[in-house]
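Produce the complete structure using the sequences and hints provided.
There are 2 protein chains.
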Amino acid sequence: MAEAVLFELLHLEMVAQVYKEAESGDTEHGKSISTLEGMGFRAGQGLIERFTKETPSFKDELDIMKFICKEFWTNLFRKQIDNLRTNHQGTYVLQDNRFRLLTPVSNGKQYLEEAPKFLAFTCGLVRGALSNLGIDSTVTAEVSVMPAYASQTSWFPQLDTSF
Amino acid sequence: MAEAVLFELLHLEMVAQVYKEAESGDTEHGKSISTLEGMGFRAGQGLIERFTKETPSFKDELDIMKFICKEFWTNLFRKQIDNLRTNHQGTYVLQDNRFRLLTPVSNGKQYLEEAPKFLAFTCGLVRGALSNLGIDSTVTAEVSVMPAYASQTSWFPQLDTSF
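Protein chains in written order, with my numbering: chain A, 1 to 163; chain B, 164 to 326.
If you're looking for bench data, these hints aren't it; they were derived computationally from the structure.
Please read all numbers here as calculations on a predicted model, not as lab measurements.
Any given hint could be a false lead.
With a cut-off of at most 30 Å between alpha-carbon atoms, the simulated DSS-like pairs for lysine-lysine come out as follows [as the list claims (entries may be wrong)]:
#1 A/117 to B/183
#2 B/229 to B/280
#3 A/79 to B/233
#4 B/229 to A/20
#5 B/280 to A/31
#6 A/70 to A/20
#7 A/117 to A/66
#8 A/53 to A/66
#9 A/53 to B/242
#10 A/70 to B/242
#11 A/117 to B/280
Pulled from the structure, derived: some chain B residues nowhere near chain A, Cβ distances all over 12 Å [claimed, not checked]:
#12 175
#13 199
#14 206
#15 277
Cβ coordinates follow ideal geometry from the N, Cα and C atoms, glycine included.
Okay, here's the thing in structure tokens:
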């Protein structure tokens, strides 16, 4: 519990810091997003290594996505992904109806524009985790509904290679 | 456990990022240290608020320092401070014989020069925590011995005000 709070606070600081650096220089918004995504990517690689240490090997791509939705997400956010869909052709939709890293700032409408910067690190986490499991992917995310304390987010890993 | 690993990885990324920004610009080493310390300070303020929610109020300064050594440190680093000393005049020495945030990088001698950047965030954490408990302080740290996997660190909160 304490460490989860720590994660949230650290994440907040990280986002603030990356954007502060950007403001003081001539860096674009896109660059900050990609910085955060890259940090997430490397952290995701490290995390999945630890998380899968005692996990028997995965039988297919879907098996891996289920692991991301359950164990990986729970380890990071103390809850599972609420809904997983796939077209069985490498496109997945992971829906989290209460994404933890948005809640500290979720309030009002102006925040919708701010959302991407709070999703970038986690996009990287997922892409890094998949990468270490041998899957190249592109991970995007969007916020669907955003009342305070119940931010519904959708995560779209698009796998570049078949398992 | 998972979240502790996450903290370590995030911390590593944060340090790397702050130093990368510094290298690409004309920022000095001291500036990066102070950036990390500032991030720690704000995180420390947020954390102590949560950690002390169910704690009866502290009876004196020493009582607060004991809380930092035990609950605060354990919540962050899964171990207590190994040794606490004080001159009873506002100067404290907290010794951690195996500081977790140094271990991922501890190896060899060149690393001694690198140590300060891995201590700055935690200096801020302690200063932020003390600040939220009404104590202004200056917190410095040093590494005493550094064989791989057993980094002895000393932390020196100097309290500016009496309790």
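Hints, one by one, checked against the model:
Between residue 117 of chain A and residue 183 of chain B, the direct Cα distance comes to roughly 19 Å. Compliance with the 30 Å bound is thereby established for this hinted pair. At roughly 26 Å between alpha-carbon atoms, residue 229 of chain B and residue 280 of chain B fall within 30 Å of each other, so this suggested pair holds. Of the supplied pair hints, the one linking residue 79 of chain A and residue 233 of chain B holds, its CA atoms being roughly 29 Å apart against a limit of 30 Å. At roughly 35 Å between alpha-carbon atoms, residue 229 of chain B and residue 20 of chain A are farther apart than 30 Å, so this suggested pair is violated.
At most 30 Å may separate the alpha-carbon atoms for a hinted pair to count; residue 280 of chain B and residue 31 of chain A meet this at roughly 24 Å. Taking the CA atoms of residue 70 of chain A and residue 20 of chain A, the gap is about 34 Å. The hint is violated against a cut of 30 Å. Note on residue 117 of chain A and residue 66 of chain A: the hinted pairing holds, with a Cα-Cα distance of about 26 Å set against a maximum of 30 Å. Note on residue 53 of chain A and residue 66 of chain A: the hinted pairing holds, with a Cα-Cα distance of about 16 Å set against a maximum of 30 Å.
Proposed proximity of residue 53 of chain A and residue 242 of chain B is supported: the alpha carbons are some 23 Å apart, at most 30 Å. At most 30 Å may separate the alpha-carbon atoms for a hinted pair to count; residue 70 of chain A and residue 242 of chain B meet this at roughly 29 Å. A C-alpha spacing of about 26 Å is found between residue 117 of chain A and residue 280 of chain B, which places the hinted pair at or below 30 Å, so the restraint holds. Not every Cβ of chain A is farther than 12 Å from the Cβ of residue 175 of chain B; the closest lies at roughly 8 Å, contradicting the non-interface assignment.
The non-interface label for residue 199 of chain B is inconsistent with chain A: the shortest C-beta to C-beta separation is roughly 9 Å, within 12 Å. The claim that residue 206 of chain B is not at the interface with chain A is violated, since a C-beta of that chain comes within 12 Å of its own (minimum 4 Å). Interface exclusion of residue 277 of chain B from chain A stands, the closest Cβ pair being 18 Å apart, more than 12 Å.
Checked against the numbered hints above, the structure violates hints 4, 6, 12, 13, 14; every other hint is satisfied.
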